[in-house]
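S.K.: Spelled out from the first residue to the last, the chains are:
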Amino acid sequence: MAAAVPARASRTRLRSLLGAQPIGYLFAAPFVLFLVGIYAYPFFYAIYMSFFDYFFSAPGAEVVRPFVGLANYARVLQDPLFHLAIRNVVIFLVINVPLTVAISMVLATALNAAIPLRTFFRAAYYIPYITASVAAVGIWLWLFSGFGLVDKILGPLAPNPSFLINGLWAMPIIALYVTWKGLGFYILVYLAALQTIPKELYEASKVDGASPVSSFFAVTVPGLRPATLLVVITAVITGANFFTEPYLLTGGGGPDNQSVSPVFLIYRFGIEQNHPGYAAAIGLLLAIGVLIVSGINRFVLERD
Amino acid sequence: MFRSRHVFLAAVVGLSLGIAACGSSNLAATGSAKGAIKIWYSNNAEEVKWGDAVVAAWNQSHASEQVTAEQIPAGKSSEEVIGAAITAGTTPCLIFNTAPAAVSQFQKQGGLVNLSKFSDGSSFIEGRTGDRAGQYKSPDGSYYQMPWKGNPVMIFYNKDIFTKAGLDPANPALKTYDEFLSTAQTLVTKGGAKAAIWPAPSSEFYQPWFDFYPLFIAQSKGKQLVEKGVPQFNNADGLAVANFWKQLYAKNLAPKEAAQGDAFASGQSAMAIVGPWAIAVYGGKVKWGVAPVPTKDGMDAAAVHTFSDEKSIGMYSSCKSQGTAWDFLKFAVSKESDGKLLDLTGQMPMRSDLASNYSSYFSAHPEYKLFADQAARSVEVPNVPNSVEMWQDFRSAYSKSVIFGSQSIDEAFKGAADQIKTLVKS
Chain A
1 MAAAVPARAS RTRLRSLLGA QPIGYLFAAP FVLFLVGIYA YPFFYAIYMS FFDYFFSAPG
61 AEVVRPFVGL ANYARVLQDP LFHLAIRNVV IFLVINVPLT VAISMVLATA LNAAIPLRTF
121 FRAAYYIPYI TASVAAVGIW LWLFSGFGLV DKILGPLAPN PSFLINGLWA MPIIALYVTW
181 KGLGFYILVY LAALQTIPKE LYEASKVDGA SPVSSFFAVT VPGLRPATLL VVITAVITGA
241 NFFTEPYLLT GGGGPDNQSV SPVFLIYRFG IEQNHPGYAA AIGLLLAIGV LIVSGINRFV
301 LERD
Chain B
1001 MFRSRHVFLA AVVGLSLGIA ACGSSNLAAT GSAKGAIKIW YSNNAEEVKW GDAVVAAWNQ
1061 SHASEQVTAE QIPAGKSSEE VIGAAITAGT TPCLIFNTAP AAVSQFQKQG GLVNLSKFSD
1121 GSSFIEGRTG DRAGQYKSPD GSYYQMPWKG NPVMIFYNKD IFTKAGLDPA NPALKTYDEF
1181 LSTAQTLVTK GGAKAAIWPA PSSEFYQPWF DFYPLFIAQS KGKQLVEKGV PQFNNADGLA
1241 VANFWKQLYA KNLAPKEAAQ GDAFASGQSA MAIVGPWAIA VYGGKVKWGV APVPTKDGMD
1301 AAAVHTFSDE KSIGMYSSCK SQGTAWDFLK FAVSKESDGK LLDLTGQMPM RSDLASNYSS
1361 YFSAHPEYKL FADQAARSVE VPNVPNSVEM WQDFRSAYSK SVIFGSQSID EAFKGAADQI
1421 KTLVKS
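Protein sequence lines, in the order shown, are assigned to chains A and B.
Anchor point for the first sequence: position 173 equals 173 in this note's numbering, and the numbering is continuous, going up by one each time.
When you read off a place in the second sequence, starting at 1, and then add 1000, the result is the number in this note's numbering.
To be clear, the hints were calculated from the coordinates, so they are not data collected in a lab.
A few of these clues could be false.
[Said to hold, decoys possible] With a straight-line Cα cutoff of 30 Å, these simulated DSSO-like cross-link-like pairs (lysine-lysine) come out:
| hint | chain 1 | residue 1 | chain 2 | residue 2 |
| --- | --- | --- | --- | --- |
| 1 | A | Lys-152 | B | Lys-1164 |
| 2 | B | Lys-1049 | B | Lys-1330 |
| 3 | B | Lys-1076 | B | Lys-1221 |
| 4 | B | Lys-1175 | B | Lys-1194 |
| 5 | B | Lys-1108 | B | Lys-1223 |
| 6 | A | Lys-152 | B | Lys-1369 |
| 7 | B | Lys-1285 | B | Lys-1340 |
| 8 | B | Lys-1287 | B | Lys-1246 |
| 9 | A | Lys-152 | B | Lys-1194 |
| 10 | B | Lys-1296 | B | Lys-1108 |
| 11 | B | Lys-1320 | B | Lys-1340 |
| 12 | B | Lys-1414 | B | Lys-1221 |
| 13 | A | Lys-152 | B | Lys-1330 |
| 14 | A | Lys-152 | B | Lys-1251 |
| 15 | B | Lys-1223 | B | Lys-1369 |
| 16 | A | Lys-152 | B | Lys-1190 |
| 17 | B | Lys-1076 | A | Lys-181 |
| 18 | B | Lys-1221 | B | Lys-1369 |
| 19 | B | Lys-1194 | B | Lys-1246 |
| 20 | B | Lys-1137 | B | Lys-1117 |
| 21 | B | Lys-1159 | B | Lys-1251 |
[To be verified] Cβ-Cβ distance ranges computed for the label pairs, FRET-style:
| hint | chain 1 | residue 1 | chain 2 | residue 2 | range |
| --- | --- | --- | --- | --- | --- |
| 22 | B | Gln-1066 | A | Phe-67 | 32 to 40 Å |
| 23 | B | Asp-1297 | A | Gly-138 | 20 to 28 Å |
| 24 | A | Ile-38 | B | Gly-1229 | 37 to 45 Å |
| 25 | B | Ala-1033 | A | Trp-142 | 52 to 60 Å |
For each residue, glycine too, the CB sits at the ideal point set by N, CA and C.
Start from the sequences and build out the full structure, keeping to the hints where you can.
M.R.: Here it is, written out as structure tokens:
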């Protein structure tokens, strides 16, 4: 009986430490480790690097990486290339996000109705999403380059210089490309959300004499609001991180850096030039910006 | 209870971070250690064949110092792959594809072995390469790379397009800028080519090596972009070259957007700036001719300098058996191995005695003779700190002023020269 008391006390201490179901930690451990190793550790390490004149070095090499405080952030904020990249993100989001929401919502509604070849269209819209970016970019190059199909069709109406080397057109083309490529995913999100809108609401609006268009705006759009919040936030986060398009479609952020993006700059400074401290500062400023925009979106879209 | 659970979680996270932070540390090996080594070589078919043959020959007589060869892992560029491998400590002993422009960066990373520390290091390199070896010395006066093989660039042209345009393919007028521009105009107007010449107009730091830099070297009679810390391009020679290219872009004789596929092989472009590797690649597809790069007022072919497009061999600090690596390196650049390289790839070993050593090869392959002559007058990228950043700054100024014309060349080059002056000193 005397021995049972310390044993019970020890169990109580263990329970207070681990909770009522300690095995839960075991189940959660793989994901926690994944999260820590792949996201948390690099994230905090990036914050650390951003305060140093950091560069990657060989293991065991004796190198000097002086602490520079906020100097990297100050330099980034004064860098005209970063200003250009942020301007490009804004142009991109202004075109991409509304188009993504509008087109995918309309197409999802159409594909939810009993139309002929519905399965074919659902697959057709999804194919660009799962196609490798390099292949999809190849098609757009064939369409929009100076010797491309669109220029040929437009003839004298084609812009000069042509789309991809035109400072005015390069970013809109990139935004259109990303909208087209991602549409399949967002249509899928809206299709799933459409199943949650009670059919009675449509019947009631019909009884009240609403046309299909009125019913779309009065029932579908409000019913899809939670999905729209998800679509907007996802589109903003993925959109603000665009990289493949300036890298492949416009020859490295061309013309003359007019389509350069923050992530492209991270690649250039961090990987090509081995200035990861400076690149990390760009990354963190971008993350803060995306967080603010997403917060505003959430605030606006979640309001009743 | 809530707090203690948080403490426990923090401990788990901390432990994980600790584990993740624990990298293996590579202690520098001594320069005389012997044993098995691994090397990487380029992944083009001709060099793979050469690499396999040289490794097999070495392994036959070195049972205790076997060499394992692998193709360099795929990546956007070899420099990025090597840079990542240095950081991870996974570089092999030798890489037969080290770009001179990346050497200062690899050296700063602590990734390269100083070859001059071997008792015969500097003398071996200088004995083989001659005066040109000096271009490969690092600012500290040591060699961190063995100059291996060059691809001196020249103007390659499509004889069929020249004939179609009514131009003499045996004697093309490409010596002066005026001649070149006039020929280029005729090729596009009458030859049916989309472009007279189509260098990549994209923003990568290394693109100047295949448009501005060879012509600048020729025009300046062999100057590097930067010499003794002073940019050399912001003067009459640099501006003349830039204005020449600007005219090609302005007249749409050189497109401002990237070609889809190989523009020269597909006949979209009548000319290209390439090294001798092109003979093997285009030989069967295009009826080709070759000419030195142009200069403003024309120059005797025997006096024209050009860009070397050289690749070096680097020994990496993760190497445990550096004695074997040094011995194998010397074996791989011996007269016999270099002869095999020339024979299999057509690329020019960085030897001062190239023409005399392999005279029978050049007699049998006269098409390579022009490139071999040019190799003796090839110039490298400067070996300076922040080399990649320097080239990127130059490319940005060039794109802005020459390709897209949104700034005057004088202004852009002055800005780039000021930036570069600071960069190469830091």
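S.K.: None of the hints should be skipped; say for each whether it holds.
M.R.: Quick rundown of the hints versus the structure:
no. : hint                                 : result
1   : Lys-152(A) / Lys-1164(B)             : 25 Å, holds
2   : Lys-1049(B) / Lys-1330(B)            : 19 Å, holds
3   : Lys-1076(B) / Lys-1221(B)            : 33 Å, violated
4   : Lys-1175(B) / Lys-1194(B)            : 22 Å, holds
5   : Lys-1108(B) / Lys-1223(B)            : 25 Å, holds
6   : Lys-152(A) / Lys-1369(B)             : 44 Å, violated
7   : Lys-1285(B) / Lys-1340(B)            : 25 Å, holds
8   : Lys-1287(B) / Lys-1246(B)            : 29 Å, holds
9   : Lys-152(A) / Lys-1194(B)             : 14 Å, holds
10  : Lys-1296(B) / Lys-1108(B)            : 39 Å, violated
11  : Lys-1320(B) / Lys-1340(B)            : 28 Å, holds
12  : Lys-1414(B) / Lys-1221(B)            : 21 Å, holds
13  : Lys-152(A) / Lys-1330(B)             : 57 Å, violated
14  : Lys-152(A) / Lys-1251(B)             : 20 Å, holds
15  : Lys-1223(B) / Lys-1369(B)            : 24 Å, holds
16  : Lys-152(A) / Lys-1190(B)             : 21 Å, holds
17  : Lys-1076(B) / Lys-181(A)             : 23 Å, holds
18  : Lys-1221(B) / Lys-1369(B)            : 21 Å, holds
19  : Lys-1194(B) / Lys-1246(B)            : 18 Å, holds
20  : Lys-1137(B) / Lys-1117(B)            : 13 Å, holds
21  : Lys-1159(B) / Lys-1251(B)            : 22 Å, holds
22  : Gln-1066(B) / Phe-67(A): 32 to 40 Å  : 46 Å, violated
23  : Asp-1297(B) / Gly-138(A): 20 to 28 Å : 43 Å, violated
24  : Ile-38(A) / Gly-1229(B): 37 to 45 Å  : 43 Å, holds
25  : Ala-1033(B) / Trp-142(A): 52 to 60 Å : 55 Å, holds
Violated hints, in rising order: 3, 6, 10, 13, 22, 23; the structure is consistent with all others.
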